[in-house]
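Those protein sequence lines, which keep their order, are chains A and B. Take the position in the first sequence, starting the count at 1, then add 267; the result is the number in our numbering. Take the position in the second sequence, starting the count at 1, then add 1; the result is the number in our numbering.
Bear in mind the hints are in silico, worked out from the structure with no lab data behind them.
FRET-style restraints, in silico, Cβ to Cβ:
| hint | chain 1 | residue 1 | chain 2 | residue 2 | range |
| --- | --- | --- | --- | --- | --- |
| 1 | A | T287 | B | P96 | 32 to 38 Å |
| 2 | A | T302 | B | R184 | 35 to 41 Å |
| 3 | B | P188 | A | E326 | 42 to 48 Å |
| 4 | B | G222 | A | I285 | 27 to 33 Å |
| 5 | B | V93 | A | G335 | 24 to 30 Å |
If you want a taste of the chain A side facing chain B, the calculated C-beta under 7 Å gives, among others:
| hint | residue |
| --- | --- |
| 6 | V273 |
| 7 | N276 |
| 8 | G283 |
| 9 | E284 |
| 10 | A307 |
Note that beta-carbon positions come from the ideal geometry of N, C-alpha and C, so glycine has one too.
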Amino acid sequence: MTDTWVDGNDLAGTLGEIFTMDVTMAQGACASCGTVSMLAEVRVYDRAPGLVARCLNCEDVVLRVVRGPDRAWLDLTGLRYLQLPMPD
Amino acid sequence: MARAAVLGRLTWRVATVAVATRESPTARTVAFDVPDWPGHLPGQHVDVRLTAADGYTTERSYSIGSAPTNGRLELTVQRIVDGEVSPYLVDVAEPGDQCELRGPVGGYFTWDPADREPVLLVAGGSGVVPLMSMIRTRAGAGSRTPFRLIYSTRTPETLIYGDELRRRHRDDHGLDVTVAYTRERPPGSTRPPGRVDAALLNEAGWPVEFGPTCYVCGPTGFVEAVANQLVDAGHAPRRVKTERFGPTGG
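With the hints as constraints, model all of the structure from the sequences given.
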């Protein structure tokens, strides 16, 4: 069961409903080990009610998002920061 | 106003099935008419949402196979035995049916026709779909950027886009296509069946010194193996872009 995950690319649709930009192109720093990667590159486990993203290096949770019928929960405690590409 | 055009939240939009074309016994291309489709970049995907009569909804991500300039949005979908969305798209959907789409999404696994670096595409099974969008976009843009596709599939019967790939290999200048059959090869093929390995990547890919951008798409285990082999061969990890779609597929 080592390949039940997908890439962070899979976050794009759900996060695209919340943010006005493609957050999968943002660089995020893992709060646990400090590894910086694009959100598109993290490991995403999608066989659950929501999406759970884990650090490529230490596999700690960096982001969780659950979309309900009339709301979304977004847990970012696993990220030290997000660096977002911004249009000028 | 320009800023408003760039930034905007995604919403679900209603799409209507226009044509469905069989690609293999387990895969079909479904072309949708999507009013006000904003266009996409080759390599992007969409989320498809189905709603049952009782209100139950389920969604899955599928890569876009068509070039952005194609009038319709085409998804080529592989049936997953216990899937909730793919059996509908592969076996049931017919022209006039409607479902909801969210997208296009994903800016990471994309190719820009303005890029000049050589491109290596490595596909496992239906991982060929977003790579085909890149090949079609390249042809449509008249790009001379050299492309090489290494496409791993089980048997001649599971090959997707076979006729088009043969035609493009012949007619699209600067496109090389290598099909690696893993279980059964067609008559006349000289390569014994086998997985994509370092030797094949070396033979049918690009030398590291050419600085290619590599796109690898397929089941998670396949992408892991190929991406590791490319990095071991000396390709910079940031030049190896990956799209994994899980244990058996999207």
